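Asks: Two chains, two separate frames, one set of hints: put the complex together.
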Amino acid sequence: MRNNLADILASCLESIERGERTLEECLALYPEHREDLEALLGAVTAIREGAGFAPRPSFRLSSRERLLRRLPERERADSIPRARQRLQSAFSKRVAFLWAAVLVLAVALVGGGTVYASAEALPGDFLFPVKRSVEDARLWLSDDAGDVVLGAQFVQVRVEEIQALAAAGRGQDLELAVDMLSQGISASTEALGAVAREDPERAAQLSLLLEESLAVHSEVLNARLDTVPEQARPAIQHAINASNRGRETVQELFGEERPGGGPPDEIPVIDPALPGGGPPEEKPGPAATQQPGGGPPEEVPGSRPTHPGGGPPEGAPGAATQQPGGGPPEDKGGPPTSVPGGKP
Amino acid sequence: MTPSRNTDSTDQILLARATQGDAEAFGDLYERYLDEIQRYVFYRVANRFDAEDLTETVFLKAWEALPRVESSIANLRAWLYRIAQNVIIDYYRTARATSDLSAHEPRDGRASPETQVQDRDLQQQLAGLIRSLDANLQQVIVCRFVSGLSHAETAQIMGIKEGYVRVLQLRALQKLRQMLEKER
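Top line first, the protein sequences correspond to chains L and H.
For the first sequence, the positions run 1 to 344 when the working numbering is used.
For the second sequence, the positions run 1001 to 1184 when the working numbering is used.
Don't take each hint at face value.
Claimed, not checked - Pairwise CB distance ranges (calculated): (1) L:V149 <-> H:E1183: 45 to 53 Å; (2) L:L141 <-> H:S1009: 41 to 49 Å; (3) H:Q1118 <-> L:E219: 35 to 43 Å; (4) L:E38 <-> H:A1152: 21 to 29 Å; (5) L:E38 <-> H:S1009: 47 to 55 Å; (6) H:S1009 <-> L:V157: 28 to 36 Å; (7) H:S1009 <-> L:R60: 36 to 44 Å; (8) L:V216 <-> H:D1008: 21 to 29 Å; (9) L:A54 <-> H:I1013: 23 to 31 Å; (10) H:T1010 <-> L:A168: 26 to 34 Å; (11) L:R66 <-> H:V1069: 21 to 29 Å; (12) L:A168 <-> H:S1072: 23 to 31 Å; (13) H:P1067 <-> L:F126: 24 to 32 Å.
Unchecked claim - Covered by chain H, according to a simulated footprint, are these stretches of chain L (three or more residues, beta-carbon under 8 Å): (14) 4 to 17; (15) 38 to 47; (16) 63 to 69; (17) 203 to 214; (18) 233 to 240.
Calculated from the structure, these hints are not laboratory results.
Computed from a prediction, not measured in an experiment: that's the story for all the values here.
Ideal placement from N, C-alpha and C gives every residue a C-beta, glycine not left out.
This is chain H alone, in the form it adopts within the complex (with noise of 0.2 Å):
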């Protein structure tokens, strides 16, 4: 479970760097939200190597917009999410989303008796099948269930009331077992 947490003392430090132009701070900071940055991309698009680039791209724009709003970041955790957010809408607005491509990639004749793989193929249905529910719906769940997100912190990188947020979060639920029930 990710701890709830403003930007820590830590970020702070590398995030003052940072903004000086300090690759290398900048680097530290990537490295520890470099995992559920890539892991709520990965489950919103479903494809593992766009969700490696695209994670690359939500830094880069990290980068470049520091100079400019490091003294209003009250919360790094939740402007990165909200960064990979527009990442995301920038993905689905080009010809790339469209190619099926970063559909979920099919289970059959993969089986395998290695747990690694089997795993893969658990993250890549669950992918597919959190890729399919409307966009609002898919960040809840990414948010509350994949990364852990409390009600408060989800309504905070959506700009939404928490109240919104638990509508939301029983709408995808309530859509998601329709889907798993399916797949059995």
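Okay, chain L solo, but in the shape it has when bound (with noise of 0.2 Å):
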């Protein structure tokens, strides 16, 4: 009877999707389970109107770039040239600085100290976008090794301007600020980069400035953690992992090379290359004993061999995948008969 209704179910749900039948065709035509199949149906609706996630807007700007940053440096050089990447870089620090310059034009005339006003504003403030054009001013004007002295600065300040914005209850502003916080020690990461080609000593020494920087920060956000507004906690974990990954990526370029290199403390990291190949620590569930009748022959990273994909059971809270009396179903065998029409 339960795995009729699972049909049953499943038809309907099937049918009402390819707009073949109305839900209240659908409830006509089993009428046994009509109470059911309307609670079911009525659950469904609720999880489409809840349904409408999307990425933020400011993610959505910043994160292809971001991604194609973090992808492993031989392809990527592969795909863009040096020269481009460089004209690239010249271009966005001569469109900084002109902006900049526009901007300290007409600062200069409505009022001198509007700059020096800028600099206790927050992200979302009036003043703020004056604040950001004199630190891309100050980027410009300094080579790359200067770029990571001032990326550890800025970072600072972003940190600074995190918990503010925290305590002030500024959820939206909040986002802004720790999107510019990963963006900033992406750049640091990657000036660093660029000394390193350059002057691989001189970029040792920069890592450990880098790297014991981030450090503190993660320190500070992680203290404050408890202090903030719990609607904030999830922005300010954010910020703490963008620090932890900056740090990573410093280690995974420096560690090795620097005199006495390691890390400056002993903050706990998480591995996002945490590969997961590793043994599940639980048993074993019906998805795991059911391989699909030609199911996808793709690698999956991060899968198990022996079962690809196979819905092992997790570690999330209630990760059971064995219902109390509802073991594993029977194979019917066969498409779904009950379901008029085909797959398009």
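Replies: Next up, the structure:
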């Protein structure tokens, strides 16, 4: 009976999804299950009403570039010639400088104290673009090594802004600040990579500065985690993760090359590249025992070779895969014949 | 509703170029699948920021694996979902997941007239409910009703038979219905 209801529900859902039947028509087809079906299809409606999640616009804007920066270096070099990278970098610096020059000129006309006043501005404040433009102009005027030093300073500024915004409960501005922190850290590590190509010894020294600075940020933000409003905590955690990732990148690049190398302290680091191939700690569930008939042969990164993508039981809260009283279902074989029409 | 399809011709071209090391082509693939992969991850972990990090990890792993597996990828979408599933498993193995931060954010005290805020609350609430289900049930619910995948596609991604997807779907909806009633 239970499997029967499962098939009837699936059939109803498919026919409704394809526009072949309305909800009422489905319910009329199965009067003995009407009550159950009505409740279950109501749950589906509730799920779909809350299923409209979309990436944040600021994430969408910045994430492609950030992802491409994180791709392994040699593959990137193949697709984006070095000269073009330099050109892009120089162009963006020039744009930043011109923008800063225009703003400074405007500010000079309006009032000389504006730049000074902008130093205290937070993301979302009217004067914040002035503050950023001044930062961009300073970066433009410096070389790669200077970019690392300044980048570390500006990351520190972002961390202070994040704390202030969290305390003020300015959630949306906080998200913006965390995005800018991530971008700042990426830019600093990228500048460090550029220094390393020209002067590895200098880069190793700078890597210590950057790594130590990021370690302090992690500590500071971790300490704040319990004191900020609850709504702000995911963003703070995100900022901590960004700092930890930045440290990992620096450690990967320079950890072994520095004199007396190694991390400056022992702040735990979450490893984003944790291989998923480790043995599961949980008992295998029904999904692992049922191999797909003709399932896809692809290799899935992080999957265990014996059960590729086979829905291994997770360590998620309540991740038991075996339902009480509900063992693996019988395989009825063949397609669901109760569904009219084929898959388009 | 997400259309049911195997890897289409644009995907195939981008995939081939990305396999050769063309990062820009890979970036194009990223943009094509960003929304649905991040949506899938969000409703599994119930934390917007973690979903962003994990989505990037999914694509990094895809990039790393491409040279080894490109020729065997019959369905790019299913392959990406399966990487996402493995990344989520890794996520739950780390200490990060044990922190209660990723539990659903509180709804009370955040009532706002703005629709956007209400939508986000609704999404967060649903993600929190889904996250409290067993792993297999989570996956079925998200694949079927969030990502809009068919029973067959869901079965392919989960590596189980379609008949079992239908059973899991029934169990998941029964549990969610009970939870939704309690919430009201």
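Asks: Does each hint fit the structure? Answer for all of them.
Replies: Now the hints, each set against the structure:
no., hint, result
1, L:V149 <-> H:E1183: 45 to 53 Å, "holds, 52 Å"
2, L:L141 <-> H:S1009: 41 to 49 Å, "holds, 48 Å"
3, H:Q1118 <-> L:E219: 35 to 43 Å, "holds, 37 Å"
4, L:E38 <-> H:A1152: 21 to 29 Å, "holds, 26 Å"
5, L:E38 <-> H:S1009: 47 to 55 Å, "violated, 42 Å"
6, H:S1009 <-> L:V157: 28 to 36 Å, "violated, 47 Å"
7, H:S1009 <-> L:R60: 36 to 44 Å, "violated, 25 Å"
8, L:V216 <-> H:D1008: 21 to 29 Å, "violated, 48 Å"
9, L:A54 <-> H:I1013: 23 to 31 Å, "holds, 26 Å"
10, H:T1010 <-> L:A168: 26 to 34 Å, "violated, 45 Å"
11, L:R66 <-> H:V1069: 21 to 29 Å, "holds, 24 Å"
12, L:A168 <-> H:S1072: 23 to 31 Å, "violated, 52 Å"
13, H:P1067 <-> L:F126: 24 to 32 Å, "violated, 49 Å"
14, 4 to 17, "holds (count 8)"
15, 38 to 47, "holds (count 7)"
16, 63 to 69, "holds (count 5)"
17, 203 to 214, "violated (count 0)"
18, 233 to 240, "holds (count 5)"
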